[in-house]
Each structure stands twice: as C-alpha cells, then as structure tokens.
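Chemist: Each chain is listed here by its residues.
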Amino acid sequence: MPEPIGEEGGGMANAIVGTLILVGVAIVIGLPVGIGAGLYLAERRGTWLATTVRFLADVLNGLPSIVVGIFAWQFLVRPVGHFSALAGGVALAAMMIPMVTRTTEEMVRLVPVSLREAALALGYTRWRTSLTVVLRTAMAGIVTGALVAVARIAGETAPLFFTALGNQFMSTSLREAIAALPLQIFNYAISPYESAHALAWAGAVVLIGLVLVVSVAARFATRARFGHAAD
Amino acid sequence: MPPTDASPAATRTALDVQDLSAWFGAQPAVRGVSVGFREREVAAIIGPSGCGKSTLLRCLNRMHETVPTARVEGRVLLFGTDVYADGISPIALRRHVGMVFQRPSPFPTMSIRDNVAAGLRVRGGGAPSRAETDRIVERALRRSALWDEVKDRLKASAIGLSGGQQQRLCIARALATEPAVLLLDEPTASLDPISTQKVEDLLYELRSEVTVVIVTHNMQQAARVSSSTAFMLAGELVEMAPTARLFTAPADARTEAYITGRFG
Ligand SMILES: Nc1ncnc2c1ncn2[C@@H]1O[C@H](COP(=O)(O)OP(=O)(O)OP(=O)(O)O)[C@@H](O)[C@H]1O
Ligand SMILES: [Mg+2]
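First to last, the protein sequences are chains A and B. Position in the first sequence (first residue = 1) + 108 = our numbering. Position in the second sequence (first residue = 1) + 3 = our numbering.
Since the hints were derived computationally from the structure, they do not count as laboratory data. We put the beta carbon where it would ideally sit given N, CA and C, even for glycine. Among these hints, one or two may not hold up.
As the list claims (entries may be wrong) - Incomplete in silico selection of chain A near chain B, CB under 8 Å:
(1) 222
(2) 225
(3) 266
(4) 327
(5) 329
Claimed, not checked - Derived DEER-like restraints, expressed as beta-carbon distance ranges:
(6) 159(B) <-> 218(A): 18 to 26 Å
(7) 82(B) <-> 235(A): 53 to 61 Å
(8) 233(A) <-> 35(B): 41 to 49 Å
(9) 82(B) <-> 233(A): 52 to 60 Å
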C-alpha cells in the first residue's frame with residue numbers, strides 16, 4: 109500500500125487490484141459487445157446497420173484516449189457526482205471494443221463458407237449457424253485478439269484520469285474511485301521525491317509484467333488452437 | 004420396404020423437378036429443367052464443368068438461395084409437396100433432404116461424436132437423450148462404414164481424421180437425422196481411390212434405404228453407383244435415362260459426344 113507522498117516505503121497492492129478490476133469491467137462489457145458487433149459486421153455485410161456499426165467502430169478506434177475519458181466523465185461521472193471504477197472500466201471497454209470488433213470480423217471471415225453451408229444443409233438456422241458453428245470456429249483467433257486488446261488497455265492512463273481517478277487506499281467498489289497502476293505510476297513520477305520515482309519504476313515493471321503475462325497467454329491460446337485445427 | 008430393382012412404375016417419385024430455372028444475379032445457371040428422381044434409387048447427374056449440376060442439386064434443398072443474388076423459378080415436389088410453396092421453411096426442408104459437399108466439412112470445434120449428432124439437436128421434437136444420441140451416432144457411423152475406425156476415439160476432434168474418413172463422417176452426419184433424400188455433390192472428388200471405393204460401396208448399400216442424388220464428374224462412378232443418370236449441358240437437361248442405357252445407347256447426340264469424350 110502507498111504511503112503518503114514523501115514518506116519512505118509503500119507499495120502498490122491497491123493499484124494492482126484496481127487495474128485488475130478495471131480491466132475486468134472492461135472485459136465484461138467490451139468482449140460481448142465487441143464480439144457481437146464483429147460477428148454482425150461479418151455476417152451482414154452491406155446492410156445499413158452494418159455500415160453504421162462499422163463507422164462507429166472506426167470512429168471509436170480513432171478517438172484519442174483522452175477524449176474517450178472525457179466522454180465517460182461527462183456521461184458516467186458528472187451525472188452521479190463522483191468518480192468511479194465503473195466509469196473507468198467503461199472508458200477502457202470503449203477502447204477495447206473496436207479492437208475486439210475488428211479481430212472478430214476478421215476471424216469470422218476466415219471461417220470457410222463450406223462450414224457455414226454444412227451447418228445450413230443440416231437444417232440449422234442462420235442464427236444458430238453463426239453462433240454454434242461460425243463463432244465457435246473463429247473463437248480461438250478472437251480470444252487471441254481480445255487478449256492483445258486487454259494487454260493494450262491495461263496500460264491506458266488517459267481514460268482513467270477523470271473516471272477512475274485513482275485512490276490512495278484499497279478499494280474494490282465499482283462505485284468509488286479506484287487505484288490503477290498507470291495512474292499510480294503517473295502520480296509517483298511527477299512527485300519531487302526520489303523514493304517516489306523508484307516506486308514509479310517499480311509500478312512500471314509490474315505493469316509490464318502484467319502485460320507480458322497476458323501477451324504470452326495470447327500466444328499460447330493461438331498455438332494451442334491453431335496448431336491443432338490447422339487443416 | 005419395396006424391392007430395389009422394381010420396375011420404374013412400381014416406385015414413387017421422391018423428387019419431381021418441374022421447369023426449374025436458377026440464376027446468379029442475371030446469369031442463368033439452370034434453365035427450365037424437368038426431371039424426376041425415384042424413391043430409393045441412386046441417380047447420378049453428369050455433365051461438363053459449369054453446366055449447372057451443383058446449382059440444380061442445391062435447388063433441391065433450397066441451398067441455392069443462401070447465395071446472395073441467387074434466384075429460383077419453377078417447382079420441386081418432394082413426395083408431392085412443393086418445397087418452394089409459401090409457408091415451407093427451408094430450414095425444415097433441409098432436415099429431410101441431407102447434403103454432402105465436395106470438400107469434407109466436419110465442424111472443427113466438435114468431436115467425432117458431436118459432429119454426427121450435430122443435426123439431431125435441431126431435428127423436430129427436441130434433442131434426443133444422451134443414450135439415444137449414442138445409439139443414433141453408432142448406427143450412422145456403421146452405415147457410413149466408419150464405425151470400426153473411430154469407435155475408440157469418438158470424443159477426439161474430427162480434424163484428426165483423414166480426408167476420406169472426414170467425408171464418411173460428413174455422410175454419417177447427414178444420415179443421422181434419417182433424411183428421405185441424400186444429395187451428394189462430387190463427394191469423392193477430393194478423395195484417394197481407396198476412400199472413393201469405400202464411399203461408393205456405401206452409396207450402393209444406401210440405395211435401398213434413401214433416395215440418393217449424386218453429382219459426379221466421373222462417368223465410371225456414375226455407371227458403378229447409379230441406376231439412372233441425367234446428363235446436363237449449359238444449364239439444360241439433355242436427357243435422363245437408366246444408367247446402362249445412357250452410357251450405351253444415348254438418345255441425344257450431345258450425350259453421346261460427351262460420354263465418348265468428344266467435348267467437356
Ligand atoms: N456463387 C456463384 N456466383 C455466381 N455464379 C456462380 C456461382 N456458382 C456458380 N456460378 C455459375 O453458375 C454456373 C453453374 O455452376 P455450377 O457450380 O452449378 O456448375 P457445375 O456443373 O456444378 O460445375 P462443376 O462441375 O465445375 O462443379 C456456372 O457458369 C458458374 O460460373
Ligand atoms: Mg459443381
């Protein structure tokens with residue numbers, strides 16, 4: 109746990125827990141939305157809704173993260189009057205969604221038409237074919253893409269400034285401000301004390317470690333499935 | 004069960020195709036085809052590449068319309084019911100008219116058993132119990148002559164099977180739901196001779212139980228497995244006749260030119 113700035117020592121357990129919670133919220137929201145949008149884009153090319161969804165995804169993808177943050181602040185922080193882990197998680201989800209959408213669309217398109225036809229020929233509805241055959245076949249690739257997206261948002265700082273805010277104390281509530289590794293690093297790094305700088309570096313190492321673990325997991329997910337399914 | 008070698012008049016027509024035309028966009032692929040496929044017989048469709056064999060076959064279970072821009076006109080009566088009539092669901096139709104494609108297409112995320120059982124889950128009347136499913140899976144795998152090769156690894160991924168085994172798995176998958184008609188589109192085109200032999204033997208076995216329509220490029224194959232053969236050219240049906248007669252004494256000069264290898 110952190111000591112008041114300027115004191116010696118201190119840790120970052122609250123920031124680690126905070127980042128895990130924020131990323132967890134982002135996954136819970138971003139994964140279903142991103143996968144759903146990507147599946148829709150791949151399956152219903154050319155409809156006006158698909159065009160709209162793609163446009164939104166592209167806009168979201170191109171949005172600077174600080175802008176994502178201010179939107180989350182406007183709609184999720186100001187109305188309730190206080191910063192919250194939920195607002196931070198939603199901001200991170202907004203960053204994650206376009207990445208997951210794009211991966212899902214690409215992976216679903218890679219599923220051979222022959223599989224889709226095989227399912228339809230068995231009397232599957234389009235809807236059932238999409239979910240139980242196409243999406244399941246594409247899932248390994250989607251998981252990999254999602255993990256890469258998670259690794260990226262885990263280090264995002266800008267969207268959290270005025271949403272999750274940061275917290276000197278351990279908090280696990282979604283309704284309160286929460287600590288996060290990138291915020292903690294920032295706070296320590298801008299402080300004038302050498303001991304705080306050391307903590308900033310330590311935080312950076314932990315964050316890199318976290319991202320590394322996720323990236324390695326992504327690689328393994330890819331190899332385990334594709335190495336086997338390669339036909 | 005009717006005798007298998009009964010005279011044509013003794014068997015019912017399973018599929019009666021009446022003046023069927025099919026398009027991709029503005030381009031016609033099948034032009035005014037009328038043809039009947041008799042119950043519990045193997046019928047072959049032959050013809051040069053691009054003449055519309057696959058398209059005709061795919062009109063029979065309404066797979067043609069899954070292609071965007073595709074269009075169909077005409078009637079296809081399945082035991083007297085027009086499958087293109089209003090209120091006929093293509094989904095329900097396909098549960099009675101199974102299809103096997105040129106390239107083996109097992110579902111890669113499913114086990115061998117689950118592949119065979121895949122059609123049962125969407126069959127009318129709800130999914131069968133686990134024990135019942137096991138029984139149906141075994142029967143379908145035995146009918147497709149695959150049981151002995153896979154009985155010890157039913158839970159393994161279907162991807163681990165050879166191409167020929169995968170194709171027989173797809174046949175088992177199509178048979179598991181007990182379709183009245185089985186459509187096969189060049190089912191042995193990607194298989195080695197031994198696997199081809201197995202699939203042909205299997206079709207021969209099936210002829211007393213299911214109505215089979217098989218598209219093939221291989222005239223020897225048509226001669227071996229079918230009792231009647233249809234010859235198509237440029238989207239049209241040139242003639243349909245008992246296989247032996249079509250290959251020895253075709254009525255149309257174009258058929259003769261094709262089977263003697265002068266074109267196509
Ligand atoms: N998806 C498609 N979109 C547009 N045109 C198509 C499509 N599939 C087939 N066609 C065209 O329709 C015609 C008939 O094709 P079809 O696949 O039925 O022929 P085929 O007799 O099965 O040929 P093959 O023996 O090569 O399989 C061809 O001219 C082909 O180019
Ligand atoms: Mg074809």
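Chemist: All hints are to be evaluated individually against the structure, with a verdict given for each.
Modeler: Tested hints:
{"no.": "1", "hint": "222", "in the structure": "4 Å, holds"}
{"no.": "2", "hint": "225", "in the structure": "7 Å, holds"}
{"no.": "3", "hint": "266", "in the structure": "38 Å, violated"}
{"no.": "4", "hint": "327", "in the structure": "20 Å, violated"}
{"no.": "5", "hint": "329", "in the structure": "14 Å, violated"}
{"no.": "6", "hint": "159(B) <-> 218(A): 18 to 26 Å", "in the structure": "24 Å, holds"}
{"no.": "7", "hint": "82(B) <-> 235(A): 53 to 61 Å", "in the structure": "29 Å, violated"}
{"no.": "8", "hint": "233(A) <-> 35(B): 41 to 49 Å", "in the structure": "32 Å, violated"}
{"no.": "9", "hint": "82(B) <-> 233(A): 52 to 60 Å", "in the structure": "24 Å, violated"}
Against the hints set out earlier in the document, violations occur for numbers 3, 4, 5, 7, 8 and 9.
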